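Enquirer: Given only the sequences and the hints, what does the whole structure look like? Please build it.
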Amino acid sequence: MGEFYQSTKNITNALSSSLIHDDEQPTSKTKSPTSSSPLSPQSSQYRYINGRQFHNLVDSVYPLPNDYQELDRISMQHFLYKAIWDGNFKAPIHRKLMAGDCKVLDVGCGPGPWVMEMAMTYPLSNFTGIDISPIQPRDIKPRNSKFYEMNILNDLPFKDGAFDFCHQRSMALCFTRAQYAEKVIPNLLRVTKQGGILEIMEVDLMFTNPGPLLKTMMSSYQDFLEKREIDLFPGIRIKEYLEKSEQLKDISQEIIDIPMGSDHGKLAELMAENYATASKAQIPLFAPFLKMSNEELENIIDQIYKVEVNEYNTSVRAYRYYGTKI
Numbered sequence: 001m002g003e004f005y006q007s008t009k010n011i012t013n014a015l016s017s018s019l020i021h022d023d024e025q026p027t028s029k030t031k032s033p034t035s036s037s038p039l040s041p042q043s044s045q046y047r048y049i050n051g052r053q054f055h056n057l058v059d060s061v062y063p064l065p066n067d068y069q070e071l072d073r074i075s076m077q078h079f080l081y082k083a084i085w086d087g088n089f090k091a092p093i094h095r096k097l098m099a100g101d102c103k104v105l106d107v108g109c110g111p112g113p114w115v116m117e118m119a120m121t122y123p124l125s126n127f128t129g130i131d132i133s134p135i136q137p138r139d140i141k142p143r144n145s146k147f148y149e150m151n152i153l154n155d156l157p158f159k160d161g162a163f164d165f166c167h168q169r170s171m172a173l174c175f176t177r178a179q180y181a182e183k184v185i186p187n188l189l190r191v192t193k194q195g196g197i198l199e200i201m202e203v204d205l206m207f208t209n210p211g212p213l214l215k216t217m218m219s220s221y222q223d224f225l226e227k228r229e230i231d232l233f234p235g236i237r238i239k240e241y242l243e244k245s246e247q248l249k250d251i252s253q254e255i256i257d258i259p260m261g262s263d264h265g266k267l268a269e270l271m272a273e274n275y276a277t278a279s280k281a282q283i284p285l286f287a288p289f290l291k292m293s294n295e296e297l298e299n300i301i302d303q304i305y306k307v308e309v310n311e312y313n314t315s316v317r318a319y320r321y322y323g324t325k326i
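Position 314, counted from 1, in the sequence shown is what the UniProt record's numbering calls 314; the numbers after and before it change by one each time, with no gaps.
Just so you know, the hints here were simulated from the structure itself, not pulled from any lab data.
Bear in mind that the values here come from a model prediction, so they are computed numbers and not experimental data.
Each hint should be verified, as a subset may be incorrect.
In silico lysine to any residue, SDA-like type, Cα no more than 25 Å apart, as pairs [claimed, not checked]:
#: 1; residue 1: Lys-183; residue 2: Thr-324
#: 2; residue 1: Lys-215; residue 2: Gln-282
#: 3; residue 1: Lys-227; residue 2: Asn-50
#: 4; residue 1: Lys-90; residue 2: Glu-243
The following label-pair restraints were derived from C-beta to C-beta distances [unchecked claim]:
#: 5; residue 1: Glu-295; residue 2: Leu-57; range: 27 to 33 Å
#: 6; residue 1: Glu-298; residue 2: Leu-124; range: 44 to 50 Å
#: 7; residue 1: Ser-219; residue 2: Gln-69; range: 24 to 30 Å
#: 8; residue 1: Val-307; residue 2: His-94; range: 39 to 45 Å
#: 9; residue 1: Ala-99; residue 2: Asn-294; range: 50 to 56 Å
#: 10; residue 1: Glu-296; residue 2: Ser-262; range: 22 to 28 Å
#: 11; residue 1: Lys-266; residue 2: Asp-72; range: 15 to 21 Å
From the three backbone atoms N, C-alpha and C, an ideal C-beta is built for every residue, glycine too.
Expert: Now the structure itself:
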């Protein structure tokens, strides 16, 4: 865990020289995070199961919580993805970001680690993060970053072609197949300017080389997700969605198989730990589906990610796509 915490510490230290007090007044459609709204127990936006906080939105299929424990996991996941992909993006946008006045949108920004790190790396460009939960920093953030409470499934209150670079990462559990194809992709393309770049990264929700416990778990989890109409292999369909839009050219694809478990080094160990944490976070919803006790399911998850992934060389496949708006 040392690498993750050191990276987090580096961001916190860097922010100390770049503090702002955001005085921007949000409109009714563009709500900025407030000191009282994030994770508020009084909000009807949330429901509580076994001590974990979940979304309570009508159109949300997301099976993970959105409490502080989950925010820590998402932040850790950010640094793992950065290490795995050797950077925060793959699109050929570095020079434009360095030159300045490049407008960037991050969809599903979570607590905002990607936006804040990018904003500090490219201080002459401007970064906007949106998420359905107001869980981002309100007062302490880079001067060239903004966060808004928005849902990509709705009409975004941005002009057509508002952004030079639109980025979305690991959002497969947030949408149904139909929502991804019919709402998410069109909304992303609309706000990407002509000549701008759209980049999407997704990870398969099923594993390669699963052991017997994980294979059984995957079969049940497949049923669990299909009842929510969530795509199990979103990565292989993203390119299809982008090509069908006929709004992008020069679509590039990169694929990485991510190993799991301590036998494959520290990064693979941390990735397995992150998946175990995510799996345990879904216990309040998944255990009743399996007709299993929380304790029994937690023990199985520990066995899978501490032992079995090493024995069977389990991995998961990640995809990255980027293209230029025509």
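Enquirer: Each hint needs a verdict: does it hold in this structure or not?
Expert: Each hint, compared with the structure:
{"no.": "1", "hint": "Lys-183 to Thr-324", "in the structure": "19 Å, holds"}
{"no.": "2", "hint": "Lys-215 to Gln-282", "in the structure": "17 Å, holds"}
{"no.": "3", "hint": "Lys-227 to Asn-50", "in the structure": "22 Å, holds"}
{"no.": "4", "hint": "Lys-90 to Glu-243", "in the structure": "19 Å, holds"}
{"no.": "5", "hint": "Glu-295 to Leu-57: 27 to 33 Å", "in the structure": "30 Å, holds"}
{"no.": "6", "hint": "Glu-298 to Leu-124: 44 to 50 Å", "in the structure": "47 Å, holds"}
{"no.": "7", "hint": "Ser-219 to Gln-69: 24 to 30 Å", "in the structure": "27 Å, holds"}
{"no.": "8", "hint": "Val-307 to His-94: 39 to 45 Å", "in the structure": "41 Å, holds"}
{"no.": "9", "hint": "Ala-99 to Asn-294: 50 to 56 Å", "in the structure": "52 Å, holds"}
{"no.": "10", "hint": "Glu-296 to Ser-262: 22 to 28 Å", "in the structure": "24 Å, holds"}
{"no.": "11", "hint": "Lys-266 to Asp-72: 15 to 21 Å", "in the structure": "18 Å, holds"}
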